[in-house]
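**Student:** Put together the whole structure using the sequences plus the hints.
The listed protein sequences correspond, in order, to chains A and B.
The first sequence begins at 2 in my numbering and counts up by one.
The second sequence begins at -15 in my numbering and counts up by one.
Simulated from the structure, these hints should not be mistaken for lab results.
Take the hints with a grain of salt, since some may be wrong.
[Claimed, not checked] Just so you have them, the derived chain B footprint on chain A, three or more residues with Cβ under 8 Å:
1) 36 to 46
2) 75 to 89
[Stated by the list, open to error] Chain B regions said to be covered by chain A (calculated; three or more residues, Cβ under 8 Å):
3) 6 to 13
4) 26 to 36
5) 78 to 86
6) 91 to 103
[Said to hold, decoys possible] Okay, derived cross-link-like pairs now, EDC-like style, lysine to aspartate or glutamate, Cα gap no bigger than 16 Å in a straight line:
7) 64/A - 74/A
8) 42/B - 71/B
9) 64/A - 129/A
10) 42/B - 74/A
11) 42/B - 129/A
12) 22/A - 71/B
We treat Cβ as the ideally placed atom computed from N, Cα and C, and that holds for glycine.
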Amino acid sequence: MSVVIEQPRSPRSRNQANLEKYGWMYMRLSGVLLVILIFGHLFVNLYLGEGIKAIDFAFVGGKWSDPFWQVWDLAMLWLAMIHGTNGMRTLVNDYTSNETLRKAMVWSLWGICAVLVTLGTLVVFTFDPCPAGALPELLPSFCPVA
Amino acid sequence: MASLPAGTLYRGKVGMWSWVLHRITGVAIFFFLLVHVLDTALVRLSPEAYNAVINTYKTPLIGVAELGLVAAILYHALNGLRIIAIDFWRKGVKYQNVMFWIVVAIAFGIFAAFAPRHLMHVFG
Chain A
2 MSVVIEQPRS PRSRNQANLE KYGWMYMRLS GVLLVILIFG HLFVNLYLGE GIKAIDFAFV
62 GGKWSDPFWQ VWDLAMLWLA MIHGTNGMRT LVNDYTSNET LRKAMVWSLW GICAVLVTLG
122 TLVVFTFDPC PAGALPELLP SFCPVA
Chain B
-15 MASLPAGTLY RGKVGMWSWV LHRITGVAIF FFLLVHVLDT ALVRLSPEAY NAVINTYKTP
45 LIGVAELGLV AAILYHALNG LRIIAIDFWR KGVKYQNVMF WIVVAIAFGI FAAFAPRHLM
105 HVFG
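**Tutor:** The following block contains the structure:
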């Protein structure tokens, strides 16, 4: 990134789309929301009840049959993936000197981000807690076959 | 003997090391996030596939590694709030040093409440 550093006393320029500013603001805004979302996620999934021991398909099925947790997890997915990718972009910008390599890495980061956000969103919305033909003992208790 | 360079407000102090730690924990959390989205996506494949992979999270080795993950998240989250305070609070810069130690104290407090319980789940 060929950054042109302006003369310290030159007036604030408005001639560039200020994407970096919005990135900066996004990190802080999403950061606050992620503290709430991820602390809640960890508390419910790892602290309450049997913690990690209780996590299985039926546990996820039970959670995602509630729109509250669908929205919670979806918000976490989007906010965290973009926050993390933008953070990695900052590191790539800081530590790569080769411009071609830098561009390739930043594009890869956003590519991976797009794929995982799409995948995760599809999973949350098309997930079936009671798939046909599955072993009944692996399913949430509300499934007709369980 | 050459004299040491004069101290700065930033280099080698809390400001610098909190920034280094923020980057390291951020990268670690990012790579876990990639894995975690993929492992959770397995619920779409079959209950067996998801359970097989999530069971590895309950093994002693990964169970202990999860403590590291939680510690990284605690630090990154609380130090992130410290950064926001430095940016937006009038007295943020003045208190950045003490806020760092408050971050460390709260992180340790929450970690101390979480770790024994998590280890009980993993090893119990």
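**Student:** Indicate, hint by hint, whether the structure satisfies it.
**Tutor:** Each hint, compared with the structure:
1. 36 to 46: Check passed, 4 qualifying residues.
2. 75 to 89: holds (count 7)
3. 6 to 13: Coverage by chain A holds for the segment 6 to 13 of chain B (4 residues, Cβ < 8 Å).
4. 26 to 36: holds (count 7)
5. 78 to 86: With 0 residues in contact (Cβ-Cβ under 8 Å with chain A), the coverage given for the segment 78 to 86 of chain B is violated.
6. 91 to 103: With 3 residues in contact (Cβ-Cβ under 8 Å with chain A), the coverage given for the segment 91 to 103 of chain B holds.
7. 64/A - 74/A: Between residue 64/A and residue 74/A the Cα gap is close to 10 Å, so the pair holds against 16 Å.
8. 42/B - 71/B: 40 Å, violated
9. 64/A - 129/A: OK: residue 64/A and residue 129/A at ~12 Å, within 16 Å.
10. 42/B - 74/A: At roughly 21 Å apart (the allowed maximum being 16 Å), residue 74/A and residue 42/B break the hint.
11. 42/B - 129/A: Violated - the C-alpha atoms of residue 129/A and residue 42/B are around 24 Å apart, more than 16 Å.
12. 22/A - 71/B: The hint holds at about 13 Å.
Against the hints set out earlier in the document, violations occur for numbers 5, 8, 10, 11.
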